[in-house]
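A.B. asks: Sequence:
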Amino acid sequence: MKKKDIFFTGLMLFALFFGAGNLIFPPYLGMEAGKAVWPAIFGFVVTGVSLPVLAVAAVALAKDGIQSIGNYVHPLFSLGFSIAVYLAIGPFFGIPRGASVTYEMGIKPFFNGNGGALSLLLFTIIFFALVYWLSLNPSKLVDRIGEILTPILLLSIAVLCITGIIQLRNPLQAPAEKYASAPFFKGFMEGYLTMDTIAALAFGIVVVNALKDRGVQQRTAMVKATIQAGFIAGTGLALVYIATALLGARMAVNGPFANGGDLLSSAAALLFGSGGKLLLGVIVALACLTTCIGLTAACAQYFHEITPSISYKTYVTIITIFSLVVSNLGLNQLISLSVPVLTMIYPLAIVLVVMSFFHRFYKGSAKTYGMALLFTAVFSVYDSLNAFGVEAKWLEPLFSWVPFFSVGLGWVVPAIIGAILGFMLDNIALKQHETA
Numbered sequence: 001m002k003k004k005d006i007f008f009t010g011l012m013l014f015a016l017f018f019g020a021g022n023l024i025f026p027p028y029l030g031m032e033a034g035k036a037v038w039p040a041i042f043g044f045v046v047t048g049v050s051l052p053v054l055a056v057a058a059v060a061l062a063k064d065g066i067q068s069i070g071n072y073v074h075p076l077f078s079l080g081f082s083i084a085v086y087l088a089i090g091p092f093f094g095i096p097r098g099a100s101v102t103y104e105m106g107i108k109p110f111f112n113g114n115g116g117a118l119s120l121l122l123f124t125i126i127f128f129a130l131v132y133w134l135s136l137n138p139s140k141l142v143d144r145i146g147e148i149l150t151p152i153l154l155l156s157i158a159v160l161c162i163t164g165i166i167q168l169r170n171p172l173q174a175p176a177e178k179y180a181s182a183p184f185f186k187g188f189m190e191g192y193l194t195m196d197t198i199a200a201l202a203f204g205i206v207v208v209n210a211l212k213d214r215g216v217q218q219r220t221a222m223v224k225a226t227i228q229a230g231f232i233a234g235t236g237l238a239l240v241y242i243a244t245a246l247l248g249a250r251m252a253v254n255g256p257f258a259n260g261g262d263l264l265s266s267a268a269a270l271l272f273g274s275g276g277k278l279l280l281g282v283i284v285a286l287a288c289l290t291t292c293i294g295l296t297a298a299c300a301q302y303f304h305e306i307t308p309s310i311s312y313k314t315y316v317t318i319i320t321i322f323s324l325v326v327s328n329l330g331l332n333q334l335i336s337l338s339v340p341v342l343t344m345i346y347p348l349a350i351v352l353v354v355m356s357f358f359h360r361f362y363k364g365s366a367k368t369y370g371m372a373l374l375f376t377a378v379f380s381v382y383d384s385l386n387a388f389g390v391e392a393k394w395l396e397p398l399f400s401w402v403p404f405f406s407v408g409l410g411w412v413v414p415a416i417i418g419a420i421l422g423f424m425l426d427n428i429a430l431k432q433h434e435t436a
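Under our numbering, the residues of the sequence shown are numbered 1 to 436, in order.
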């Protein structure tokens, strides 16, 4: 396969990843982290870059993507988990959030912040008409996104960030309370909100299919090309996250800002005047449009595979119409609803992806996978209930003794213990079977 094809596939993957959350969360992290911006953004990069790239590689290694990875546990788990992932990153949260962010940051500023429900509705109709049209032929994604839209997106981001870092010489502020201690782990948790690790489980199939369309058929060549494309995408994401976080840290003295979108809007206006609105509008529109196209294509492909009687085009239609309706709920409502769901799903996805790379060491033991995920689920459900605002303080003494619990990563050690316990139980059962 030509290096050019791998490069543009990597750019396509970058654009698919780089959407609403990737744009609004790093600058806000930089503003809040202040002098602790470096450890905080490194933590963000772990969950926002390293884990998604590993997830894409895991999908390439598996025969049927996320479905095969989930089958290591049980076919029913695989089906349920896969559907939950695709719905979360697709029509329930990911796609509508992309449209809402585009409106809030790219369109609403031209109404001087006074755009109402009608203007949102009209915009989302146009936005999802474009998503629908561009998603109908997924084989053209590399040509349309990787070779055309991504270079424009990267150039626009570079202009904004480089200008900001050069011109803004404001001293960094003291970190906010939540970044005052353990900023790395706080940044790690903030990386959940990008949804990229679970999105990678869907985008992996898009990349594999794009490479197949370019003549890659052998399994070894496919894995190698996918990893190379993932590395290109990951490098781009890391550079953008670091640059926007530094921009946010330098903008802190001009705050306060309600969110990352507000911060970027102010930065664009400060640096480029009225032209800043247009520049930011281009960045946001390209970032969110490309991600929504990729998510729509990935979700439609998956649901068509499990229900072949319903066409890919029909699923694209259903997903775009449903997403259009949900996007009109508003950005703040979408974020508040998505956080608890992601808090529950993300740890399970991380454990599943990491364990898939060590599959041969425990010979694909279903008990090893099952116990690790069970122990993880106990903590992720507890964290999700807290995020939903469900009062569960009486349970805290049962969990608070676990390492990393205070930084939101209480599931890590239990996942390891669960995997070891499952492996031991599987070996005991195997020995009993051999001696019977």
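Each hint should be verified, as a subset may be incorrect.
Unchecked claim - Subject to a maximum C-alpha distance of 27 angstroms in a straight line, what follows is the list of computed DSS-like cross-link-like pairs (lysine-lysine):
(1) Lys-431 <-> Lys-367
(2) Lys-212 <-> Lys-224
(3) Lys-178 <-> Lys-363
(4) Lys-224 <-> Lys-2
(5) Lys-3 <-> Lys-224
(6) Lys-363 <-> Lys-224
(7) Lys-178 <-> Lys-35
(8) Lys-4 <-> Lys-178
(9) Lys-3 <-> Lys-313
(10) Lys-212 <-> Lys-313
(11) Lys-313 <-> Lys-363
(12) Lys-4 <-> Lys-277
(13) Lys-2 <-> Lys-313
Simulated from the structure, these hints should not be mistaken for laboratory data.
Because the structure is a prediction, the values reported are computed rather than measured.
A.B. asks: Can the restraint linking Lys-363 and Lys-224 be considered satisfied, given a maximum Cα separation of 27 angstroms?
C.D. replies: Since the Cα atoms of Lys-363 and Lys-224 sit roughly 23 angstroms apart, the hinted pair holds (cutoff 27 angstroms).
A.B. asks: Is it true that the CA of Lys-178 sits at most 27 angstroms from the CA of Lys-35?
C.D. replies: Given pair Lys-178, Lys-35 holds - Cα atoms ~13 angstroms apart, limit 27 angstroms.
A.B. asks: For the pair supplied as a hint, Lys-4 and Lys-178, is the alpha-carbon distance within the 27 angstroms limit?
C.D. replies: Measuring from Cα to Cα gives roughly 44 angstroms; hence the hint is violated.
A.B. asks: Going straight from one Cα to the other, do Lys-3 and Lys-313 come out at no more than 27 angstroms?
C.D. replies: 32 angstroms, violated
A.B. asks: Would you mind confirming whether the straight-line C-alpha gap from Lys-212 to Lys-224 stays at or under 27 angstroms?
C.D. replies: 13 angstroms, holds
A.B. asks: For a C-alpha distance cap of 27 angstroms, please report whether Lys-431 and Lys-367 respect it.
C.D. replies: 15 angstroms, holds
A.B. asks: For the pair supplied as a hint, Lys-313 and Lys-363, confirm whether the alpha-carbon distance does not exceed 27 angstroms.
C.D. replies: With a Cα-Cα distance of about 39 angstroms, the restraint between Lys-313 and Lys-363 is violated, given a limit of 27 angstroms.
A.B. asks: Take the C-alpha atoms of Lys-3 and Lys-224, compute the straight-line distance between them, and say whether it is at most 27 angstroms.
C.D. replies: 12 angstroms, holds
A.B. asks: Can the restraint linking Lys-224 and Lys-2 be considered satisfied, given a maximum Cα separation of 27 angstroms?
C.D. replies: 13 angstroms, holds
A.B. asks: Could you grab the alpha-carbon distance between Lys-4 and Lys-277 and see if it respects the 27 angstroms cut-off?
C.D. replies: 34 angstroms, violated
A.B. asks: Against the 27 angstroms threshold, does the CA-CA distance of Lys-178 and Lys-363 hold or violate the hint?
C.D. replies: 42 angstroms, violated
A.B. asks: Is the straight-line distance between the alpha-carbon of Lys-212 and that of Lys-313 27 angstroms or less?
C.D. replies: 21 angstroms, holds
Comparing the model with each earlier hint shows violations of hints 3, 8, 9, 11, 12, 13; every other hint is respected.
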